[in-house]
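Guided by the hints, dock chain B onto chain A, whose structure is given.
Which chain is which? The protein sequence lines are A and B, in order.
Counting with this note's numbering, you get residues 1164 to 1640 for the letters of the first sequence.
Counting with this note's numbering, you get residues 15 to 149 for the letters of the second sequence.
A portion of the hints provided could be inaccurate.
Residues on chain B that point at chain A, a partial pick, calculated with CB under 10 Å [as the list claims (entries may be wrong)]:
#, residue
1, Asp25
2, Glu71
3, Met107
4, Ala119
5, Gly126
6, Arg136
7, Gly140
8, Val146
Dumping the calculated BS3-like pairs for lysine-lysine here, alpha-carbon to alpha-carbon at most 27 Å [to be verified]:
#, chain 1, residue 1, chain 2, residue 2
9, A, Lys1296, A, Lys1348
10, A, Lys1296, B, Lys59
11, A, Lys1304, A, Lys1348
12, A, Lys1348, A, Lys1338
13, A, Lys1304, A, Lys1441
14, A, Lys1304, A, Lys1334
15, B, Lys59, A, Lys1350
16, A, Lys1441, A, Lys1300
17, A, Lys1350, B, Lys62
18, B, Lys59, A, Lys1304
19, A, Lys1412, B, Lys62
20, A, Lys1273, A, Lys1350
21, B, Lys62, A, Lys1296
22, A, Lys1412, A, Lys1334
23, B, Lys60, A, Lys1350
24, B, Lys60, A, Lys1348
25, A, Lys1169, A, Lys1412
26, A, Lys1350, A, Lys1304
27, A, Lys1296, B, Lys60
28, A, Lys1575, B, Lys62
29, A, Lys1412, A, Lys1273
30, A, Lys1338, A, Lys1412
It should be emphasised that the hints constitute simulated quantities derived from the structure, not laboratory data.
Bear in mind the structure is a predicted one, so any value in this text is a computation, not a measurement.
Glycine is no exception: its CB is placed at the ideal position from the N, C-alpha and C atoms.
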Amino acid sequence: MIDGVKRVGTNEWEVPIGFLPGMRVPGRFFLSESLGRTLEPGAIQQLANVATLPGIIQHSLAMPDIHWGYGFPIGGVAAFSLDEGIISPGGVGFDINCGVRLFTTPLEFKDITGRRDLVDSLFSAVPTGVGAKSSLKVSAKSLDDMMTKGARWAVESGYGLPGDLARCEDKGCMKQADSSAVSAKAKQRGVPQGGTLGSGNHFLELQVVREIYDPEAAHAFGLAAGQVCCMIHSGSRGLGHQVCTDHLKILEQATRKYQITLPDRQLACAPILSPEGKAYFGAMAASANYAWANRQMITHAARTVLSKMFAVDYDEMPLVYDVAHNVAKMEEHHYEGKHAVVCVHRKGATRAFGPDAPDIPLDLARIGQPVIIPGSMGTSSFVLRGTHTAMEKTFGSTCHGSGRVMSRSQAKKKLSGKEVAAALLLEGIIVRAPNENAIADEAPEVYKPSEEVVNVVHEIGISRLVARLTPIGVIKG
Amino acid sequence: MSFVEVPHTADVKIRAMAPTLETLFSDAFAALMQVLYGPDRNGGKKRKITLDAEDQESLLRDFLSEVLFIAEVDGLVFSGAEIHIEGCHLSAMLDGEPFDRRRHAMGTEVKGISYSGLAITRDANGYMLDIVFDV
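Isolated chain A (complex conformation):
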C-alpha cells in the first residue's frame, strides 16, 4: 500500500489528516489487497485534495473502483454541509449524470435467433460515436422541457412507459433544474444529440441473467435467471460537457472571490448557497435531466427494435432501474448524531440507498434501491441493492464500475480491435463499434475484474449482490 495510508479494517483504508497540508478530514477508501496493487498514487493525492475543501463532512471517500481522474478521483464521494460547504464541478465531472439503466425482456437466450441482425439493428437504431446526430428533431421548447422535466418529458413525448419514471433515481428529474443557468452554447450542443449514445466507455449491451444471489430482491426487481436484458450507459452529451466547461470558468473566479485555497484548479468551487454555487447546481441539475431524457430515448429505440424483431410487446420490457454516477445531490443524511440535508458529490460512484430510505419505489422499500454496476464488454455486470450500511458509512453510495487499469494509449499498442472482437466472438459476444480503436480502448483487459470490485462492496456491506449478467451483444460508441 502507498506510504502514509493506514489500514483501518478489512478492505478499509484511511488517508490521515496531514497526508497533505490543509486536510480538514481524513480520506477513507475501500479496496481489497489484490485491487490495491493497481492503486495509483495520483488517485490518493486526489482523494486527499478533496479532504481540503471547506465544509466537507466526516471523510473524503472513495469506492473500490477508485482511480486517477481530474478534480475528485474517479470513485470519489464527498458530502458538504449547506452552511459551510462548497459545490464543485470537479466532484461531478464533464459528463453530468453519466449513468446506467437496465430493462428486462420476456425473452430467454434461446429465443434470440439472428443475433447478428439484432446487434446490427440496434447499432443502426442508436446513433453512436463521434459526430453522431439524432434523427429525432428536438425544438428549443422541447430542449427546455427535457432540462426541466427529464425522463418525464421523454415518456410524455412517446419514448417510454409511465412506469419507467418510478424506476429512475429521483424519478428521472432533479426538481432544482434551472435551464436559465445553461448557456446558449450548451443548449446548441444539446439540440441534435437527444437519444445519442456518445463514445468512450458508453455502450448498449444485450445481457443474460446468469446467476441470482438474492432471490427475493431479484424477484422484486423483476429479474429471473436466463432472462435477456438490455443495459444502457450514457450521459448528458455535449450539453453537460459545455455546462461543466462554462461553470468551471465562473467558479474559478468565485474561488478567488470567496478566498478558497485549492490544491487543484479543477476543484474550482463556490459556497453551495452562493449565487455562483446555486447557478452551477441549477445548470448541473438541468443537464442531469437531459441525461435521463437521453437514456429514456435510447431505451425507446432499443425497445422498438426488440419489439419488431421478436414480437414482444413494448410494455413487456420494464425498467429495473436507472442510476446516475456523476452527480451532486441535496440529500438528507444522518451523521454526527443529527439529521441534515447535505450536498453529496458522487464522481464515478452510485447512490445505494438502503431499505426505507427516501426516493425508493414503494414496492422496493423493504429491499433497498437497485444498484446497477456495468462490467467491461467481456465481463459480468451486476445488480446489487442498497443497504443501511451504505447510509452509515458512505452517504448511501457504492462503486460504479470496474475501474480502468490500462491507459488507452497502452491498450492501442498492446491490443488490436479486430483481435479483441474475435476473442469476444469466441466467447459468444458480438461487438459493433464505429471503429476498431473503440473496441481495443475498451477491451476487457483494460479494466479491473468487475467481480473483485463488487465483492469488496458486498463484503463491506455498502451494497449487496442480487444478480450477475453477462453480455451477448455489445454496441460501443
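Positioned in the frame of chain A, the structure of chain B alone reads:
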C-alpha cells in the same frame, strides 16, 4: 508539430514540446483533433477564434474548449490552425472540412479539457506542455 500520448489510466494525457507558445498551442490543437477524428483531415473551411484569459493555462483551456464547441456544432474537422498570441490574448484561424463519417469516425469524443495536470513550463529551449483530455 510534435506531441506524444503519455499513459493515463482513465483519460488521454498529451505532452508537447515546442520552441514558441504558438507552436505549443498548435501541437495541443493537433493532438485534440487526432484524438477526436484520427489522421485523415483536410482544409477548406475557415473559422476564427479570438479570446482573452488571465494566464497561459486558461488561454489554452479556453481555446481548446472553443475548438471542441465549434467542431461539434458546425460539424467541422480541422487540419490546421494559424495561431497568434500576445500576452493573454489569442487569435486563431482554423482550417478544416465537414465531418465525413467514413473518414472521421476514427477517434473518440473529448468531453472536456481538464485543469488537473495542465502545466505549461518554459526553459531555455522553449515550452513544454502536459494536458489531460477527458474522454
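Could you tell me which of the hints above the structure violates, numbers in ascending order?
3, 6, 7, 16, 18, 20, 22, 25, 28 and 29
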